[in-house]
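Chains A and B are the protein sequences, given in the same order. So the first sequence is numbered by the UniProt record's numbering: it starts at 1 and just counts up by one. So the second sequence is numbered by the UniProt record's numbering: it starts at 1 and just counts up by one.
Chain copies aren't distinguished; within one or between two, either way the pair holds.
Cut-off 30 angstroms, straight-line C-alpha distance, at most; resulting in silico cross-link-like pairs (DSBU-like, lysine-lysine):
(1) Lys-350 - Lys-318
(2) Lys-408 - Lys-254
(3) Lys-120 - Lys-39
(4) Lys-347 - Lys-408
(5) Lys-347 - Lys-318
Hints in this document: simulated from the structure, not taken from any laboratory.
2 protein chains.
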Amino acid sequence: MQVEDLILISVDDHVVEPPTLFDAHIPAKYKDRAPHIVKGPNGGDLWAFEDGFAPNVGLNAVAGCPPEEYGLDPTEYAQMRPGCYDADERVRDMSAGGVLAGINFPTFPHFCGQLFLRAKDKDLALASVRAYNDWHIDEWAGSHPDRLIPISLPVLWDPELAAEEVRRVAAKGARAVTFSENPTKLGLPSYHTEYWDPFLRACADNNVVVCIHIGSSSSMNITAPDAPPEVMIALTPVNSLMAVTDLVFSGIFKRIPNLQMALSEGGIGWLPYALERADYVYQHHHAWTFTDLGGRLPSQVFYDHIWTCFIDDPVGVKLRDQVGIDKIMWELDYPHSDSTWPHGPEKLFKDLAGVSDADINKITHENAMRAFSFDPFAIRPREKCTVAALRAEAADVDIEPKSMGRRKAEADSGNASLLGSVAATGSSGQ
Amino acid sequence: MQVEDLILISVDDHVVEPPTLFDAHIPAKYKDRAPHIVKGPNGGDLWAFEDGFAPNVGLNAVAGCPPEEYGLDPTEYAQMRPGCYDADERVRDMSAGGVLAGINFPTFPHFCGQLFLRAKDKDLALASVRAYNDWHIDEWAGSHPDRLIPISLPVLWDPELAAEEVRRVAAKGARAVTFSENPTKLGLPSYHTEYWDPFLRACADNNVVVCIHIGSSSSMNITAPDAPPEVMIALTPVNSLMAVTDLVFSGIFKRIPNLQMALSEGGIGWLPYALERADYVYQHHHAWTFTDLGGRLPSQVFYDHIWTCFIDDPVGVKLRDQVGIDKIMWELDYPHSDSTWPHGPEKLFKDLAGVSDADINKITHENAMRAFSFDPFAIRPREKCTVAALRAEAADVDIEPKSMGRRKAEADSGNASLLGSVAATGSSGQ
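If we strip away everything but chain A, and leave its shape as in the complex, we get (with noise of 0.2 angstroms):
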């Protein structure tokens, strides 16, 4: 297989919300209280939301950014690609950079809708969250069914509420629902309770895959206030490694035994250690803790319930039968800094050298397929669903980087001190 015969899903990129998000989808009766854009008194266009303001950090949305613009101050629309807040410049874009399909993570609710869970008005909150998902399922990526695969937000704040939705959302295809890597950092009950459980087995039993995505905490780790900014952005994957271990010690996959949940923006090379590591802790203390995992060892447990997904990794790649081969995805993360767009496939096929091909269509399609019970085939030929098919479709778009206008970096310009309000609100722009 060569490089332009890849067939790529990238299971987490991610959508800035454009300004008439809820236009078509808020009740009347909330339409003047819906999240709104306003210019920020320092520049940025900002979601004003009750009496807060959620900014488009600029980390968010720097594809096609030179490197010594990226930042975290507030970003103006006009300082961005339109592929970030454009469904048909997206899909564009995905195409000049070889993707054939993608899921978008929101961006000013936060990962997982953490905005809606602080709203004092909870009937407000509740028809932003519908709204949100209507717009995402049937205009944002309803518009491209081949290239966008829906997924929702959780109504966090209500394990029956979010049971409904997840139905509700489920009935109009949505497979995905974005929830938290640890509620407990949110203020919610942990995932060592039954609390969730009717969010949970609603999940399962309608075949909706629940993704977590570092930061959907609201919380980094932080080693010191005073640490260059890669310190923190560097140990992102930490939030899915204890998200993991948290996960395969808890009952929950004793109880619902369907469930299936997949990391996002995690990483994979660490999970061989992670799993012996937890193997070998269950094995070393289960008699005096009593913790019961149903005859399962707790790499079992995630082998059996946990997708994983990888950005760039060749440690990953060359322990894919130790990460689970049959679960491994891989992401973009378009339009993040972390990003490898629009070179994915070139920097995805370095890693893959050596690999079979059975196990590259794992791991670059088929595997997102069957998680999200996506087909894009039944729409669009297998043939134009390639690197190179993709590319030729989109000979036109203008991939170079460019100036966006916005501030460059200054050494000592502060940027190591922006890091704690980032981390407090989990928008942390990888």
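Since chain A is already given, all that's left is putting chain B on it; use the hints.
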């Protein structure tokens, strides 16, 4: 090579300090105020110091104890194997376990002397640190110079005094000092300042390795207060992962080119991923962060300056070239609950399947001899250092697990709720 031919140096074991520790070493004026053993109100022998107490937590002294009696209760000396606190018995247990030599980290002062950092009377604290080091170097390790490699406590509250103490103990032959994986979490300046330079420079100048043990930041990674104890224990390597990431992005190694540090009990299987991730993030972000590593990638900084070790880590051994074969060492972790004693050689040998004799020798003893300038063969003929030879010397040692009269664990005994306080002290007992 066969298992009985291995020559094993463990770079991470633990001493449970005997009640007589300070008797011969604390100046007369502090005799009444030095840490001393008292009976706890609910059982257990506790160290009393100023107006506080430091227990010997049960999990920290379980060698030979059946797993049903593991737990977090304070423990009495009478409920431990004498090898925990008696140097002659320790060496006999090492021989019975096939282990030539070991480094013994402190217990009651916590992993890097946090107890003395918190002391109100800093003159008393300094006298106690010096007395501890004299006891450890002259009495404990000094009694068996071919078997026990001395490690010293630092003066955590003053980098100049810390430098002075490093020079003092180095003159007495100590080639290791235990320090914090993250001083920030102890309320001290971070590795991103020049605050520690006098201390670290003294270590580099005197060929003293700075050993950072998991838990030496007095903080553990807790997912949820109601998570089973296994979650926190399985996540302890995250402390080392965070420390490595913090350190490789710091300017310390650029300023102090000869500095050598070691991860203690951090494991190794996660390192190839962590290094790839650090390099990826550096390459994606340094244009706007202005982080300057002096021309090296983060991974190269790691390979040049940081030693590692593992207990039982199949994937780490498999990836030994990416971990850094010239700096990987082995550890037994006696008498903690993660220890493989008395079957360390057999457990390790399984991990070593397919590894060349040259690499086996590096991992088992040559790297440790080089790191700590330790030459046991100058005292003890090499042929008497093997697993087989040592075990033959200790054929009379009873290594069968037996009840130590501790409280047996019960389901719902509230072990999980104890973990918060364990995390707070850093006495995690892995």
